[in-house]
Amino acid sequence: MVGATADKHYNSPMLDVEKIRVDFPILSREAYPGVPLIYLDSAASSQKPLAVIEAMDAYYRQTNANVHRGIHILSEQATNAYEGARARIARFINAPDPAEVIYVRNATEGFNLVAQSWGRTNLRPGDEILLTEMEHHANLVPWQILAQQTGARLKFVPFHPDGTLDLSNLSALLTEKTKLFAFTAVSNVFGTVNPTKELVAAAHAVGAVAVVDGAQAVPHMPVDVQDLNCDFLAFSGHKMCGPTGIGILYGKRALLEAMPPYMGGGDMIRRVELEASTWNELPWKFEAGTPAIAAAIGLGTAVDYLSGLGMERVHRYEHFITHYALEALSEIPGLRLLGPDASRRAGLAAFILNGAHPHDIAEILDKDGIAVRAGHHCAMPLHKKLGVNASARASFYLYTTTAEIDKLVTGLHHVRRVFRL
Amino acid sequence: MNGDIYREQIIDLYENPLNFGVLDPNTFSYEEDNPLCGDVIRIDVRLDDDQRVAGVAWSGDGCAISQASASLLTEEIKGMHLDELKNFSKERLLALLGVPLSMARVKCALLSLKVLKAGAYGLPDRDALRGADE
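Taken in sequence, the protein lines are chains A and B. With my numbering as the guide, the letters of the first sequence map in order to residues 1 to 421. With my numbering as the guide, the letters of the second sequence map in order to residues 1001 to 1134.
For the record, the hints were derived by calculation from the structure and aren't laboratory data. Warning: the hint list may mix true and false statements.
No more than 30 Å apart at the CA atoms, straight line, and that leaves these computed lysine-lysine pairs for DSSO-like [to be verified]:
#, chain 1, residue 1, chain 2, residue 2
1, A, 385, A, 155
2, B, 1107, A, 384
3, A, 367, B, 1107
FRET-style restraints, in silico, Cβ to Cβ [what the hints assert, rightly or not]:
#, chain 1, residue 1, chain 2, residue 2, range
4, A, 33, B, 1091, 24 to 34 Å
5, A, 87, B, 1015, 52 to 62 Å
6, A, 175, B, 1098, 58 to 68 Å
7, A, 50, B, 1018, 31 to 41 Å
Glycine included, every Cβ here is placed at the ideal spot set by N, Cα and C.
Just need the whole structure built from these sequences, with the hints factored in.
As structure tokens, this is what we get:
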């Protein structure tokens, strides 16, 4: 295998991964009897540390009640836990004010909220929405719907063959007609870390609103919305040690204040009369109905967990493991890695193996206990442009070990044997 | 561990598919993809005057299961009457494959049958798709 530990190319891992793994109960289960689980699908959904599971369990056992409604002790404690989590999540992304941090179900809902609330209010026929060709469907389809509704046009920043954005023509694509520029901070297929701060500045230079997809960035590296100066940032809790059903839309207060509600119902109103209502203040204006209280508390605990380790350390460790994985995978004959070199990518590696379809790769690896993703990873246009139907993807997190990467390599040699490659 | 699903015959058929190609002229030709995984299969069939399969060819791209399934299906239907094509059951095709498949992979296995039935019925793919999936 690849001798990494003594290699000066690698940053010191710093994280005590074996200690971290003990925090994740699922990592000690077997995939099949006698076959240890090797979970390399964290970009789809990460595993959860015990602290998160216990925080949600404790909420249901001891605190469960509706928020913002009751006078009683349980409701008060539930509200405090729910809002306390929001405040910690706000600090985690350095949002100036917790009121700018809106609980949504996931990043997808965050984009839909911006599209339907900000977009329908502000876009006119002939306006342009700029996206990139590497977007996840979550940051593509809501804008397609918005374009159909408003008569706005979609434009796309292309990518180079190595999976980095081709910004050579950006000034022609980003014009005064551009009202919104939505792009991902990290590609979920290439792993490319895009120059987010520069792209936000470029959007602002033409007066466009900058929407950042943080789904693959916030779990893996420090993200500071004030430093990025983005107008909106959306991410999902379940990819960052939190539960499913909770995500965050950060938005600048001035924009959020001017936006109409996305959904109507309880909690988002100030006063309701039969014919009309007035809206609650931020952030509750955008949180109609009883929210995912336990999930929000779970995400707050996930953020505590990540903050305790330090996102800079998490990022450095993932860089180390990604570098290790790319070197190991590149030695497999017939394997083509998608995306740039380790210096410009986050912790995932999508690849194609000549002579074996990604589904077959994933199936054989699964029987060896190795969980990878196969398919288009919710990025069909990206794969079409690459001229492939699908790819396999191994994705890493703070609990991924070099031994697991070695087993992935062994598993891929197994695939090659089965397919007589 | 994987011996069950990727047994020799499946890999053999993946490497050396049966009836691979196009048939022109043909009585019907149909193509469909599974956008979820990108598998695509086209089947061309020529029927004789008695409505029996006189010639068949398939082409496409995809995983070993979808490709092996297309070889086995096209081999099986030679000489078959149009009515038999329409009534070809998914169980029969899965039995031909003879390997245990997870739910996700059953879709791969049945794509060829979906295509064949859509062609045989001359229907929009949605109706045929329902017939093969149920």
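*asked:* Could you work out which of the previously given hints the structure breaks and list their numbers from low to high?
replied: Number 7 only.
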